[in-house]
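J.: Given chain A's structure and the hints, the job is docking chain B onto it.
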Amino acid sequence: MHFGQSLIDALSLGALYALVALGIGLVFGVMRLANFAHGEIITGAAYALIFTWHLGPVVSVFVSLLVGVVLAILMELLVFRRLRTTTPATLLIASFGLSFLLQRVYEALFGTNVRTAPVASGLAGTVTVLGLRLQILSLVTIALTAVLLLAVHYFLTRTNLGLQVRAASTDFRTARLLGVRADRVIMLTFGISGGLAAVVAFVMTVQTGAVGPTFGVPLTVLALVGAVIGGIDRVIGSLVGGFLMGFASSFFSSWLPEGIVRFRDAFVFLLVILVLLVKPAGLLAGSGTVERT
Amino acid sequence: MTTLINATYDRVEVAVENGVGMRASYAVRMLALATVATTGLAGCVASKSSETTPPASGSTGVARGTGGAAAAGGEVRIGVVMAKTGFMSPYDTPALQALQLEVEKQNATGGIGGSKIVLDVVDTGTKMDRYASAAGEVLDRGAKVLLVTCDYDVSSPAAIAAEGKNVLNIAPCVGDPVYGPKGGLKIGFSMGDGTPGESSIMAEFAHDKGWKSAVTLKDTSIKYTQNQCDIFTKRFQSLGGTIAGAYDYKQGDSIKETVSKISSGTKPDVIVNCGYNPGGGQVTKELRDGGVDTPIVSGFGMDGDFWLGAIPGLKDYFIVTYAAKDGNDPDPAVNETANAYKAKYGKFPDVGSFVTGPSTIQAIKAAYDKAGSWDGDKLAAAMESFKEVPLMAGPTSFTPQLHISVDRPMRVLQVKDGKLAVVEKRAPQQVVTLG
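Residue numbers (numbering that gives the first Met the number 0), protein chains in the order written: chain A, 0 to 292; chain B, 0 to 434.
Chain A extracted, bound-state conformation (with noise of 0.2 angstroms):
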């Protein structure tokens, strides 16, 4: 297998984990939640594509992105808002139950069996350059990645909303005390995470074609795993930690050896235990936890 094919593969799917760890390490920043319910957000906007893409991509995608950000900012509003002042453990208790919840949702709603449509599937083809067979997804992801990650940083950097985010990160009760209106900087944060989800949808989406009620689960799992070893409560270490992760998995599936290679988690785990052995805040970890109130 040729090397550079493997770092596409590995870049690629390292850029889609870090899109799900952006979306939950912004989210963290500002309320300390883990919000295991995120792989739910992709999921429902995942469902959006494959129930409105016969309405063409514009309006699909559109839709999409309304379900990512409406779902996450329902969230915020009927759930975590009213739990915004218990402990980080509650809150993430209460994000399992609303993944459940959602869940089931979806299965009543859509089925067990999965719902499919062939999403814009002209990027799910391989063009081959320089003698690499290139999927057209991978270079649309780790591109979108790109792009994204300008616009997070550019907001979070250059505005004066995105000012109010990380200084909301950095110390919430200060923030407040100096002006930064709470609700306002949250639902914010929620609705950006949301509008990710609907992005990471259209990628899995694309890759698979088909929809089910568990459909964003795994990745953030991983994602969320991800976000930990890099550093949680800063937005850089979820996204290193989320990148990291991905990059990993694809690189062991890559090069272990055939009959080593199905062992591939283990060796992923056993890079996350070695990080956190060493690192046990995070690779990129912020200088603390505020509590928020």
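Treat the hints with care, since some could be wrong.
Unchecked claim - Some but not every residue of chain A turned toward chain B, in silico, with C-beta under 8 angstroms: (1) E106; (2) G124; (3) A150; (4) H152; (5) T156; (6) R157; (7) T207; (8) G208; (9) P217; (10) S252; (11) V260.
Said to hold, decoys possible - Below, in silico cross-link-like pairs of lysine to aspartate or glutamate (DMTMM-like), each with a Cα-Cα straight-line distance of 20 angstroms or less: (12) B/K415 - B/D304; (13) B/K386 - B/D368; (14) B/K249 - A/E257; (15) B/K222 - A/D264; (16) B/K233 - A/E257; (17) B/K249 - A/D264; (18) B/K260 - A/D182; (19) B/K266 - A/E257.
Said to hold, decoys possible - Estimated spans, in silico, between C-beta atoms of each pair: (20) B/A339 - A/A107: 25 to 33 angstroms; (21) B/T241 - A/A265: 25 to 33 angstroms; (22) A/L138 - B/K266: 53 to 61 angstroms; (23) A/G96 - B/D368: 45 to 53 angstroms; (24) B/V422 - A/I135: 32 to 40 angstroms; (25) A/L6 - B/K266: 38 to 46 angstroms; (26) A/V128 - B/G264: 13 to 21 angstroms; (27) A/G121 - B/A339: 51 to 59 angstroms.
Hints in this document: simulated from the structure, not taken from any laboratory. Predicted, not measured: the structure shown is a model, and the values here were computed from it. Cβ atoms here follow ideal geometry from the backbone N, Cα and C, with glycine treated the same way.
T.: Relative to chain A, chain B alone:
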């Protein structure tokens, strides 16, 4: 995975006590919680609170206790602990609904031994921890036979509960011979087509197509697909074929890297996808999207056309399964049931294993007629003497060692225009087993 993470958690807790700091503890707590939750999810992702449905006929008189003969003219209760929801429901539901049709048919002609059949159905939601308790409930309500979900790993707690009360237990469509004496179930049977026969047919079909080299893709998440690939390999090699590559994946995995390996190596004549949906469909899409247009052969796990919409124009895909589900099977009796199914439920069954539902009731009737008792051991002895008993799933034979039929003819279907067309009806020429 949980064990590993918890071990790490404990060590970091020590480090925290030694002054490493609260942030470390917090990060790892989050990771440990996420991991524990994930483990829980594996069993719960498709679960749902179970509920007991009332007897199908709305009857009130139910035979109590276990064993013994039911009075002629009375009722005999059959407990059903299967999944109408959750990840096993696409496989359980067609068999269960077709079984209900067969119960109506049998009751119209006097039931079993003169007793009307009453089904006591509990939807387990494929929730692993529900099976034992659900089985206990229906057994306490007087079930004389227990029917369970079509996967040994999932349904064995229910089967063990039935074994403890000497109640015959049947999995309508388990494919692995482990459901039976091999898996510790002395009075447990499957009406499914055994993986040895199915996988041997897959290999013989590939060989007869002139395909000499194969790549296998094995979903390692369940025993059925693992054994399917292993038996295929053994039979294919015995026919002179070679395995050019063997790759594993787990349900839901992307196999982008495997696709890269296949497309950069020597092109095989056939790819064997030992998987089930939705993961098996995702693997297929990634292969075709990656430019791999090699013919693919699968077993019952990939039956159904509900997943084909994701891959428009899919061709050269062959599936070895129980029956054609859309009223296009070579067997008129199968088509009659498929059409009745559509008339009652509004659509054809999702997969061809629906024939195992009626077969289950037919087998129970044949066993009771022979044993004259509902005692599990007596019914099991009667079933062990089955020699090519004509059930809807095909001629069925059991032995004291093997409680699943492995040599029935199956159907080879081919994906054509988003539907499944019959290629041929085919029995294994030689049944290969593992170890």
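J.: Indicate, hint by hint, whether the structure satisfies it.
T.: Verification of the supplied hints:
Here the hint on A/E106 is kept, as its CB sits about 6 angstroms from the closest CB of chain B, short of 8 angstroms. Checking A/G124 against chain B by beta carbon gives a least distance of about 6 angstroms; that is within 8 angstroms, so the hint holds. Taking 8 angstroms as the C-beta cut-off, the interface hint given for A/A150 is violated, the closest approach to chain B being about 26 angstroms. At a threshold of 8 angstroms, the smallest CB-CB gap from A/H152 to chain B is about 24 angstroms, leaving the interface hint violated.
Violation of the interface hint for A/T156 is found here, the shortest Cβ-Cβ separation to chain B being roughly 24 angstroms, above the 8 angstroms cut-off. Taken as an interface hint, A/R157 does not check out: its beta carbon lies about 29 angstroms from the nearest beta carbon of chain B, beyond 8 angstroms. Among the interface hints, the one on A/T207 holds; its C-beta lies about 5 angstroms from the nearest C-beta in chain B, closer than the 8 angstroms criterion. With a least beta-carbon distance of about 3 angstroms to chain B, the hint placing A/G208 at the interface is held under the 8 angstroms criterion.
The beta carbon of A/P217 comes within 5 angstroms of a beta carbon in chain B, closer than 8 angstroms, and the hint placing it at the interface holds. A distance limit of 8 angstroms between C-beta atoms decides the matter here; for A/S252 the minimum to chain B is near 4 angstroms, and the interface restraint holds. Against a cut-off of 8 angstroms between C-beta atoms, the interface hint on A/V260 holds, since the closest Cβ of chain B lies about 7 angstroms away. About 10 angstroms separates the Cα atoms of B/K415 and B/D304, which keeps this hinted pair within 20 angstroms; it holds.
For the hint pairing B/K386 with B/D368, the CA-to-CA distance comes to about 15 angstroms; that is within 20 angstroms, so the pair holds. At most 20 angstroms may separate the alpha-carbon atoms for a hinted pair to count; B/K249 and A/E257 meet this at roughly 15 angstroms. Distance restraint check for B/K222 and A/D264: the Cα-Cα separation of roughly 19 angstroms lies within the 20 angstroms cut-off, and the hinted pair is therefore satisfied. Restraint check for B/K233 and A/E257: satisfied, since their Cα atoms lie roughly 18 angstroms apart, inside the 20 angstroms limit.
Of the pairs offered as hints, the one joining B/K249 and A/D264 holds, with about 10 angstroms between alpha carbons and a cut-off of 20 angstroms not exceeded. Taking the CA atoms of B/K260 and A/D182, the gap is about 50 angstroms. The hint is violated against a cut of 20 angstroms. This hinted pair checks out: B/K266 and A/E257 have alpha carbons roughly 18 angstroms apart, not beyond 20 angstroms. Range check, B/A339 to A/A107: Cβ separation about 27 angstroms, and the 25 to 33 angstroms hint holds.
Taking the beta carbon of each, B/T241 and A/A265 are about 30 angstroms apart, inside 25 to 33 angstroms as hinted. With their beta carbons about 24 angstroms apart, A/L138 and B/K266 fall outside the hinted range of 53 to 61 angstroms. At roughly 51 angstroms, the beta carbons of A/G96 and B/D368 sit within the given window of 45 to 53 angstroms. A C-beta distance of roughly 34 angstroms is found between B/V422 and A/I135, which places it inside the suggested range of 32 to 40 angstroms.
Distance hint check: the CB atoms of A/L6 and B/K266 are about 23 angstroms apart, inconsistent with the given range 38 to 46 angstroms. Against the hinted window of 13 to 21 angstroms, the Cβ-Cβ separation of A/V128 and B/G264 comes to about 19 angstroms, which satisfies the hint. Restraint check, A/G121 to B/A339: a C-beta distance of roughly 42 angstroms breaks the suggested window 51 to 59 angstroms.
In terms of the numbered hints stated before, the structure departs from hints 3, 4, 5, 6, 18, 22, 25, 27, listed from lowest to highest.
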